[in-house]
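Listed below, chain by chain, are the residues.
Protein chains: 6
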Amino acid sequence: MPLIDLPVEDLRRYRAPLTEPDGLEDFWSRTLEETRAHDLALRAERVDVGLPLVEVLDVTFAGFGGHPIKAWLTRPAGATEDLPVVVEYLGYGGGRGLPHEHTLWAAAGYAHLVMDTRGQGSGWGSGGATADPVGAGNATPGVMTRGIEDPHDHYYRRLFTDGVRAVEAARALDGVDASRVAVKGISQGGGIALAVAGLVPDLVAVMPDVPFLCHVRRALDVTDAFPYQELAVYLSVHRERVETVLRTFDHFDGLHLARRATAPALFSVALRDRTCPPSTVYAAHNHYGELTAERTGTRPTAEMVEYPFNQHEGGQQHQLARQLRWFADRI
Amino acid sequence: MPLIDLPVEDLRRYRAPLTEPDGLEDFWSRTLEETRAHDLALRAERVDVGLPLVEVLDVTFAGFGGHPIKAWLTRPAGATEDLPVVVEYLGYGGGRGLPHEHTLWAAAGYAHLVMDTRGQGSGWGSGGATADPVGAGNATPGVMTRGIEDPHDHYYRRLFTDGVRAVEAARALDGVDASRVAVKGISQGGGIALAVAGLVPDLVAVMPDVPFLCHVRRALDVTDAFPYQELAVYLSVHRERVETVLRTFDHFDGLHLARRATAPALFSVALRDRTCPPSTVYAAHNHYGELTAERTGTRPTAEMVEYPFNQHEGGQQHQLARQLRWFADRI
Amino acid sequence: MPLIDLPVEDLRRYRAPLTEPDGLEDFWSRTLEETRAHDLALRAERVDVGLPLVEVLDVTFAGFGGHPIKAWLTRPAGATEDLPVVVEYLGYGGGRGLPHEHTLWAAAGYAHLVMDTRGQGSGWGSGGATADPVGAGNATPGVMTRGIEDPHDHYYRRLFTDGVRAVEAARALDGVDASRVAVKGISQGGGIALAVAGLVPDLVAVMPDVPFLCHVRRALDVTDAFPYQELAVYLSVHRERVETVLRTFDHFDGLHLARRATAPALFSVALRDRTCPPSTVYAAHNHYGELTAERTGTRPTAEMVEYPFNQHEGGQQHQLARQLRWFADRI
Amino acid sequence: MPLIDLPVEDLRRYRAPLTEPDGLEDFWSRTLEETRAHDLALRAERVDVGLPLVEVLDVTFAGFGGHPIKAWLTRPAGATEDLPVVVEYLGYGGGRGLPHEHTLWAAAGYAHLVMDTRGQGSGWGSGGATADPVGAGNATPGVMTRGIEDPHDHYYRRLFTDGVRAVEAARALDGVDASRVAVKGISQGGGIALAVAGLVPDLVAVMPDVPFLCHVRRALDVTDAFPYQELAVYLSVHRERVETVLRTFDHFDGLHLARRATAPALFSVALRDRTCPPSTVYAAHNHYGELTAERTGTRPTAEMVEYPFNQHEGGQQHQLARQLRWFADRI
Amino acid sequence: MPLIDLPVEDLRRYRAPLTEPDGLEDFWSRTLEETRAHDLALRAERVDVGLPLVEVLDVTFAGFGGHPIKAWLTRPAGATEDLPVVVEYLGYGGGRGLPHEHTLWAAAGYAHLVMDTRGQGSGWGSGGATADPVGAGNATPGVMTRGIEDPHDHYYRRLFTDGVRAVEAARALDGVDASRVAVKGISQGGGIALAVAGLVPDLVAVMPDVPFLCHVRRALDVTDAFPYQELAVYLSVHRERVETVLRTFDHFDGLHLARRATAPALFSVALRDRTCPPSTVYAAHNHYGELTAERTGTRPTAEMVEYPFNQHEGGQQHQLARQLRWFADRI
Amino acid sequence: MPLIDLPVEDLRRYRAPLTEPDGLEDFWSRTLEETRAHDLALRAERVDVGLPLVEVLDVTFAGFGGHPIKAWLTRPAGATEDLPVVVEYLGYGGGRGLPHEHTLWAAAGYAHLVMDTRGQGSGWGSGGATADPVGAGNATPGVMTRGIEDPHDHYYRRLFTDGVRAVEAARALDGVDASRVAVKGISQGGGIALAVAGLVPDLVAVMPDVPFLCHVRRALDVTDAFPYQELAVYLSVHRERVETVLRTFDHFDGLHLARRATAPALFSVALRDRTCPPSTVYAAHNHYGELTAERTGTRPTAEMVEYPFNQHEGGQQHQLARQLRWFADRI
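Protein chains in written order, with this note's numbering: chain D, 357 to 687; chain B, 357 to 687; chain R, 357 to 687; chain X, 357 to 687; chain A, 357 to 687; chain G, 357 to 687.
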């Protein structure tokens, strides 16, 4: 891929046209309230995976609708103090996989909770273990259009809420310092992290890499790559519902939720990324925390790391090394 | 595509290795029994689509689990006698669309019921209107792997049952001759038609074109084309569940249900079809009604039309012309 | 495909640079005059296709050069009054196919004439039955470059003339109301419809969908998709003939002929259409009937339906439903 | 491409099932007789192309139907004796191009006549200059299906006849030794060369490289590559004409004509060739001259050069070097 | 990809035709002797990568020609006893990357040495740091054909020798139990591991996953996928050197070296792997250690794990989990 | 490909941002000085290729580092006067091939020296015969990134120097008029020709067609086609070295060296060329000789031939015909 989006100078100062729906905050506060009416139902069972240096727990908690959501918690074996915890969300189609895949943050001395993604986990990698027990109307394959006719029914209402509950679960676990929780994720994981950053007020750090689900209306104009393509396919069939569908998605646009974030952030973007085009990532970055600034007078910092020659793989291990250093400086 | 499967001489005499699960008939008879515990809840409302020659009804009936399933019924405007009815099922990803799309069988003097496909209808065409209100565990995008861990949970248990109920709905409608019901469909629609042919004892004709969902185990060996590919992707992730998954699918394999069919059939096959490879179609054809023959001494006829240079599009309008003649001869 | 052309706001007001050749009207009036020197030689034979509701006639008439051109006429069986007639032209590579494919407009109460396309009809669908008895110089495969060295020899001179003669044939048939003739078509069919709309003065309606052959010079700059690609391939070989070839095509550009149209039009465009890029469709729409306005003071109306998420398939059945309503309002 | 056809050991002894039509020899003798009823109308005009070492003539002669066919003749400038002549035919879609492209055989001391291909010459390269003034029925783009309904109307009847006439033209030119004429060509050019080898009794050498148009029925089974694909597309549309079409092509199958060849041949084949699969080339080679052997007791030699890792490009310059040596040994 | 190779039953008993060059063992013993004439020049420097649980050393040792080769050594921080060590080789185009990528085997309580690949490391991932200071003749891009004219000059002579020296370096490092060394790798890494298993007599375990470079002659027949394709491209150009090139590669074929292996092995294979076709993996497996059996009467065990629905990604984390268990059982 | 770069009007006046490294001229003058410290070691041996009209010599000379570089010299057999000589460089991946491929310029009455490309010659065509005996650090397959960390180590330092030495070799050969030397080449060959034109002061003509290696920084932004893609892949892995790598390439950018050219030039450009985008070609053209103009007051002429419908194949034989005329006018 050559460059496919605005010149980098324009990206850095890009201001997105906002399409926030009325009542966005109400929508989310009611959603979380309903969810919290269910008990968190937290369970955490020790798993032996043959790694003497790392302790692994198989975690279950109640997400949206009280549905059971799986996660892996890893931490240094034998750690006695309460540790900061990094909550991680996964890319589109993946699942939490096997526990030995997630040992780096434990090796770095932290607790690490990887949340499984409901109903996904069968597209690549080692598989997931969390159902989405909610059916849907007509939908294009994949989850992008499940329940698309109404924000209350939409898949991402459930998944983002699971993400908030994952933070609550992490805080409730033994050996975790509930005052030092970070969220992170790549692609869809980055989109969830941004959403959670806008919905949970007291995180210590946010690390979204090449986040998906930001500035969706523009994404549909500049890319036809999977998985945004699922939306385009749906709209190519249901030609009469374009505005309804886009309006639903406005409730889940990372751009809108990121404006409400309060914690410092380390973003990354890839300039040849057709999956999550750079202008959509910059849109979330450039508006990050701006409503918090209006409300409190203080805007959270938001650094951006650019990978000029990468496609959606982004910075990969280079970015991870950077996050380890950046996060250590903040804790 | 050049020829991708066995030489045509071998196809014609191909005998598939059968992998029928124990209790297949019990599984289905219990499924239908449970379904029939719900009222059929049939509704049919006249729709004005600006076609003076054709009357259109928007039909709703209770499918699997009592869930509402939509359909279009068309028939010659002003017909006074009870007409034979052709029940049609749709290809993968499609929906019942708009009513004016389905006027040919009415123009030919029949009633015609097109069943919408639950949860699909957003991949191509003009859209569907029927939800699948049942959630699922981890699944690959699409419906092939929804509920794949257990035959009772699997998507096709619901959809095939809807197909049986569509026949019951057709029979219950005014102006229909309940003793003259045929089923038909292309690709997934053909797979449903074969399943219904094995589950409903008193049809007058079955017209499956390039049917999907037949001899699935072989299909996975000889093609990687969508949508069989959904299963392969699932199994490439869930490496430990291969036999479980294939066993689930054995309950829905058109090959196994076709053996129980009783009505005369007109099949078609395309010799360059990578979506539904010809050996999988021939498998269903060559075993068609063989259990009925064992049980009753009479084997239903099963003609096959070969399209040697076609891919999955098959015979298209040529086959439709043939069906009109063949069906007229039988009614 | 993401958006590939101008932003939609610019499309709506796009004014194309015109490259009308001198003598365009003379060229066409002489062409039609020569054609009309041949007798129309109209024949129409009843065909039994097993559809009691629809009467089908196999029509032959003399097109350009007096060559025999085939068509299907369908109309409600037993209709006694003279009916309005819709003349339809076909997409690139297709043929008139089988008569049962064309029953919708009859079901809607109209006569319907589908003109076969000379020399095409073997690329998709059910086949054509009309030869193009004229040879050509060196040409790229396909018809775009046949006779490209001189407008008098070019394939589209023959085909557009056939299109005009199809209207004359429709008018001459029994049971048709010659004062109420509409033309329509998709892609190439839409291009022919626009050409005929500029060449025949007394039509009642024009319905071009995603029309091909409009603003060809721009199309060559913004797309490399088939079939415009045929021209680009020719010019990549015959590097010395660029202006000659483009000049030939100027005689057949739907943009130039549409300026002379007199009947009200209902266009459709797909914003992700790489085959017939939206700016080329808007070019024809935005100039539609402007010369008629200059000459008569009255400009025919031209509505446009936009399909923002569709590729070349455009509105499909949704647009057809719209045409049925729009046409009924006008008749 | 990995190997796509039979193992090489099987290729070397492959015997094709023959499908020669009755009356094949009559068909061709009558065709040539009709053609020779037209005067050869040979013209040859000196062209200055700025190459002091090579003399170039722009040749025109009457091919099938008396139609004018163009060719380039090149020979060493200032040669005074009568030279052997190599007649070359061109690959599918190409034209004779510019005269300076064809100087190698002149540099080697021979006369060289490159025949243009009627109606082609606009797909790649530098262009052709010969029209095909004969129209056709419905056809897939390209020439493979022009006139396919009847061998008398088929394009290759005209082109192969042009090929025979090119030999006659070469012999009639000044400075050529009419007793030493060879034919050669790559792909389609090789197919023409084989046909001419079967139709002209007194050639001195035949050099077909990766010849097209041999054992067409098998080619359709083992490849879907262009240009055999044109036939497959035609038959996928005209589903009812399979045997008619294949029968027409039997008249032009290089396999059938090669059996009648009399001159020694140097073939080449590429084992990864999907365009002209190796079994189709070996079919022509393994049957080469076998009828001549029956009739005369002497079978012409036929060497084969295998390129095991090449696709349709075959031996390219390596094969040309080989031909230069092989031909020099024979003259 | 559907199945592309032999049926699985045939794979399991597949016996490859062997093409071992004369003097294979001499070739390798002389190569290692020459290499060992250079001092090992081992250096290992502590690197701080912010992982309190894992100690990382940046290792350099002298490989083939005494050239400096880089590696990462990781082990549990603060381990005091001598640990078993796993030496890992990398896939084609990758490099040793960043040290935090390689912490799993340390987390499992072992030392782990990841050898960088000379001259590669710029195709994917996080990069390499080892030059290949040897030039080459004409070569296709990539390393497969560098020095292909003579086994002494070939790239894999250098790389396999580096692999042997990596074992020697691992044994010479502090804190390593030199009697418990395993080798492993995926794809090219698996090919190197097999070669090292045949060249180093006293390993405790060998874990090749979907190994590349095995039964190369067959691989060229059944796949055209990268990187075997590099060889095919070379041979398509250098048409005269086929046997020379294949003969060179025979010296590096994992099949030939695996016959000499002495340690127990755990293989894995993917049945839809076009990059390293399953028959080539089974060839190495089925001949594994057979010469050792001849010489010593004892054949090393060789287990095979099949992944029936995977392409070249193979078992991924599932296989890694299996290796952790299998290796723990053996140590 | 549709148009992919600036509108043609903008291309014609496009001024590139220059990124010439300091000391560019010193870099090159020192490089040539070091090279000339090696004897030219010229050898030229007569080869019999069976072409009586053309004499062929197999030439070897010392290029960069004194490494032996191969070339073919062809000239009219028996020519007695000293002839102008055309030195030709080759496209990426190709080699000098077989001598009979290069006879046109001899047929036109000139001497012609085709320089082989070190280390390439195995990607297409008939092969090369020149090694690159210099190793490299980590590199992406291909030569673009060999030695990319330092301009002194970079592959193109060696190759461009070979290009200069080829001119010196041509001048030193018998039968050549050293005062009439032209350079030419297509793609990479055009890039070398431009570099040589900037490094050798007394050429008579320069003929670069669709030159590669010009305005590389822009090329990376507007295309992802091979071979520029090699650089992009390298930078996607070595994310931390972007500026170092681009800085290295600045030393070899044809744009920078073309500014120093002194001889008249005939360029060609293809407007649909994704391999060497037209703005990069125009960049070199529009700056051609501008420093010479500053220094001497005289700017060499630079004509441009545009091929508006061609991709990277450009003008092919049409351009060659043009060069023959243009060069004849200049000599």
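Calculated directly from the structure, the hints in this document are not laboratory data. Some hints could be false.
[What the hints assert, rightly or not] Partial selection, computed: residues in chain R whose CB lies under 7 Å from chain X:
(1) Ala372
(2) Pro373
(3) Pro377
(4) Gly379
(5) Thr416
(6) Ala433
(7) Gly477
(8) Gly479
(9) Asp488
(10) Asn494
(11) Thr496
(12) Phe582
(13) Val593
[Claimed, not checked] So, partial list: chain B residues that the calculated Cβ filter (under 8 Å) puts toward chain A:
(14) Thr579
(15) Arg597
(16) Leu647
C-beta atoms are modelled at their ideal positions from N, C-alpha and C, and glycine is treated no differently.
Here is what the structure says about each hint:
1. Ala372: 28 Å, violated
2. Pro373: Since the shortest Cβ distance to chain X is 27 Å, the answer is violated.
3. Pro377: 23 Å, violated
4. Gly379: Hint on Gly379(R): violated, closest Cβ of chain X at ~25 Å, above 7 Å.
5. Thr416: Nearest chain X Cβ about 15 Å off; hint violated.
6. Ala433: 27 Å, violated
7. Gly477: 4 Å, holds
8. Gly479: Constraint on Gly479(R) satisfied, holds at 6 Å.
9. Asp488: 5 Å, holds
10. Asn494: Hint holds; Asn494(R) Cβ to chain X Cβ min 4 Å, cut 7 Å.
11. Thr496: 4 Å, holds
12. Phe582: Because about 9 Å separates Phe582(R) from the closest Cβ in chain X, which is outside the 7 Å limit, the hint is violated.
13. Val593: It holds, given that the least Cβ distance between Val593(R) and chain X is near 5 Å, below 7 Å.
14. Thr579: This interface hint holds because 5 Å falls under the 8 Å limit.
15. Arg597: Violated, about 10 Å.
16. Leu647: 29 Å, violated
Violation of the numbered hints given earlier is confined to hints 1, 2, 3, 4, 5, 6, 12, 15, 16; the remaining hints are satisfied by the structure.
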